[in-house]
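Please construct the entire structure, taking both the sequences and the accompanying hints into account.
Each protein sequence line maps, in turn, to chains A and B. Under UniProt numbering, residues 1 to 581 are what the first sequence spells out, in order. Under UniProt numbering, residues 1 to 581 are what the second sequence spells out, in order.
Check each hint, because a few of them may be wrong.
Listed next, the in silico BS3-like pairs over lysine-lysine satisfying Cα-Cα at most 27 Å (straight line) [what the hints assert, rightly or not]: (1) B:K461 with A:K390; (2) B:K500 with B:K461; (3) A:K560 with B:K461.
Hints listed in this document are in silico derivations from the structure and should not be mistaken for laboratory results.
Protein chains: 2
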Amino acid sequence: MRRRTLTSFLPILAWLPGYDRQAMTNDSIAGLIVAIMLVPQGMAYALLAGLPPEVGLYASIVPLVFYGLLGSSRALAVGPVAIVSLMVATTLGEIAESGSVGYVSGAVLLAFLSGAILLGMGLARLGFLVNFLSHPVISGFSSAAALVIGFSQLKHLLGFDIPRSHLITETIAHAVTHISDLNVATFVIALISISILFFFKGRLAAWLASAGVAGGVADALAKTGPLVAVLVTTLLVWLLGLNQSSGVKVVADIPAGLPPLSVPDLDFALVRQLLPSALLISLVGFLESVSVAKSLASKRRQKLDANQELIALGAANIGASFTGGYPVTGGFSRSLVNFTAGAVTPMASIITAGLVALTVALLTPLLYFLPNATLAAIIMVAVANLIDVKTFREAWVYNKADAASLVATFLVALTLGIEMGIVAGALLSIALYLWRTSRPHMAEVGRVGNTEHFRNVLRHKVQTHPEVLAIRVDESLYFANTAFLEDDVLARVADHPEIKHLLLIMSAVNFIDASALETLQTLSERLRDAGVTMNMAEVKGPVMDRLELVSFRDEMGAGKIYLSTHNAMQNLTAKSEPKAA
Amino acid sequence: MRRRTLTSFLPILAWLPGYDRQAMTNDSIAGLIVAIMLVPQGMAYALLAGLPPEVGLYASIVPLVFYGLLGSSRALAVGPVAIVSLMVATTLGEIAESGSVGYVSGAVLLAFLSGAILLGMGLARLGFLVNFLSHPVISGFSSAAALVIGFSQLKHLLGFDIPRSHLITETIAHAVTHISDLNVATFVIALISISILFFFKGRLAAWLASAGVAGGVADALAKTGPLVAVLVTTLLVWLLGLNQSSGVKVVADIPAGLPPLSVPDLDFALVRQLLPSALLISLVGFLESVSVAKSLASKRRQKLDANQELIALGAANIGASFTGGYPVTGGFSRSLVNFTAGAVTPMASIITAGLVALTVALLTPLLYFLPNATLAAIIMVAVANLIDVKTFREAWVYNKADAASLVATFLVALTLGIEMGIVAGALLSIALYLWRTSRPHMAEVGRVGNTEHFRNVLRHKVQTHPEVLAIRVDESLYFANTAFLEDDVLARVADHPEIKHLLLIMSAVNFIDASALETLQTLSERLRDAGVTMNMAEVKGPVMDRLELVSFRDEMGAGKIYLSTHNAMQNLTAKSEPKAA
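This is the structure we're talking about:
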């Protein structure tokens, strides 16, 4: 355990004293670029969550400042993100009509509950819980979420209403059968936006580089895709009056001024109803945040404190709930942009927050003609990255059980809802792990040539002895596998009527719980009744310590515990001849 | 996998062809002794389950025959048992009034559902599921159940009504505050019964032996305690007319004749309501049965097939449900009596069933004056054995986590109900296991003297090398501990700025899942960036096979995989001097 200091609770104390002009310049540039990205994204994700666009902007101010003060990551960019927005939409879709007052106050309450949960988990040091979501489960979940998110935006792209459904097939069926309702102008705007976004994302950097533009500048320019798409399509709508003439839906009036102070409505029944979803939103949000923060920290050899991250994200969400926002977390792509744009301290986030606040206070009239289709296009292009076939392909080759939990998570998420998907995936991966450890690999071993090494008789040409059965137990012994151990050992002994000694090689046994201890005691007795001694070798220090506590040695009768397998075999086979395996 | 033959599905084929007069004599004696024990016990447990006494007798006929035909244990005695009876009482207490028609038909339905679940589990080969109940959880559960069962009989002992409560404290409080309602005659009968039972259980065998009676006969006589208690107290009540004069409650009229054919009422709503309890009853019943069957089989070096046991117990319960019985399983004490009385085949059980059938058909009038207090005394003395302090004491010394799950199971079972206790205990023990494996023990190792052995630097006087950090990873690597591994290794590398090579000793790593593989790839890259190579030694065959599937060796850069630690250290330290640790 590392000592907790004041600095670990307030990471700002680590960087603020040495803050200089150079750092300020770097952070300012990064802060500006992230703000340019965040304004359209914030509105787009609010739309995805079924909330008015300004809620996404409100969630991009105070939470960033709170995270900047408390977070241990130097480059994490906090704010609305796609998956959490989708989860907010799924949760609130069950309690209120999208856009209604109840819906917005539900979002505020979700932010507050998530914040409280994250803060609580941080103070209780429960950051480790997130480790129980395996990579394949996260991959299956992300792919499914990306598909659900993508298809949820179809209505904005096509310009006609499609009833919300958690089944993609229903969404597609509705879209196809109602394709005559297509709003052509809206669809064209969406295609223009998508083209701009893909161009900036793919070709532009290469093209600028070949044109002789410096790498850093080219990269920065490549990140302005969403802003350019917003500018181009907003101008188009404004100049051609498409919102009036062709029914293109636009963002329209956004209330001007800084975020309102709000107080979450702690209605007990509602809290109870939202709590399970808030817990999942917290876990998923924390997971996304901590993954990106970890990878950025290691790139610069900085340390990341998972529990401090929980506290900082908790504070950010509580901040969101008191300023009309909705649940936030550290976003993957935005943080990467922040990092590559040169952010060296959380000051970059604070600058971003200031610029978003400025936008909200002064520039909302400029967003009046921004088409919803553009925001939908931004979301679709952003989530396309989340569809992850590579992890499945690799898991399929490497370990079918991992591939199975990935597919199960994906399918459950698509058919029964994404929250069910992550729960089912987590439970399945734990169940598969328990199943595997409940049937340990056990290998009969023999001596390799004249060395002191002993290896599996089935894999290597080794020497065994007729009177000694040496079995390496390849798993810690605990309640779920003690019955298997007992049955397997007794069956092997029954198959070798000539043996006089059983040697259990414990090099891979990291723990023996009380159930397994009892089984070993029984096994030793049963073997004794059959005229076989039970011996052990290579028992690890921590395991031996516990066995000594209960004087296990005394219960082994004529059996002994040896330091090494070599040692044990020398003693046990002193009077017999080796046979070739 | 062993081949499944017709004999494994119908174990009777294994013993019936060679059945002889000697076996018949042995089985007849054992069958008679068990029947003498079973008649009062069956009625007592029915009483505990809140059912009329004849239901306990009906459950002691057909189920025994079915188990005899299908079971793989030669000496298991199936029938009503205490814990399952208690669970039936708890379950049905919520849906109907004790003794009502709905209550009895609920019990029949529970038997049918348990039977179907057991049969289904057997056919699906799910017998392993029961391994996930650890010994400490079972111990805590049994102790709590014994207390609840014991106190539930208090009203029969004291002769006045005490409202059913799952809280022992409430039962005691009610008994103490209403002690003036004590029925003295009933209480005296209970004390006489308890004295007889304890005398037969404790002193008698020793006393007979010292009087020169042969051991086998003495043991058999010692088992007749319940029968003697029944005879003595029934005579007392009849001769003194205590049921009329002093209000001593007696069994009274039992319908004469063989068990009625009944058809379980498959009301969908009721099935749904009873299903979770039926599942728990099946699991607990199977657990009790398989534990005793296993210990008896191993005493005679016979094999027990857990899945065949599920099928046989399933059939037994379905048999119970069609003949007016309630859930049954293999009982601990009765099976032990059957075994020690000399049962060599399931024919003993079939003989027992015949004798119970005879009793039901002809002898029920003799049971009219049998006092309930005697049956309660039989239950209390039987369950006293289940209170298990020894396991707690041992677990406390050996492993606090096991002790904690024992205590948690015990307390939850006592306060929230025994079914909740077993669920909470199972979940807690799994959680504690996952928690432990999520924080693996990792040891820096060095060379012991001039040997090829490497041991923990903190425990042994060993030699290390300044440029090589050798870490033994004491756990399989999977999603829940990859983050810990990565953090721990990187922190150790950061603490040793002089090292050039990291050596991970994988002798205790029995598996690397896809998440851990990804972490090892990342770790290898990060170490390479820091100028450190990542090497491995003693990777096991099955683990190496998988790593080869994804060409992991190629991703290790300059790092290598060595057969042994000795080998690896020789190569990695070829140019440097050892230092003493």
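Comparing the hints with the structure gives:
Only pairs whose Cα atoms come within 27 Å are accepted, and B:K461 paired with A:K390 is rejected, the gap being roughly 47 Å. The suggested pairing of B:K500 with B:K461 holds, with an alpha-carbon distance near 23 Å, which does not exceed 27 Å. Under the criterion of a C-alpha separation no larger than 27 Å, the hint pairing A:K560 with B:K461 is consistent with the structure, at around 24 Å.
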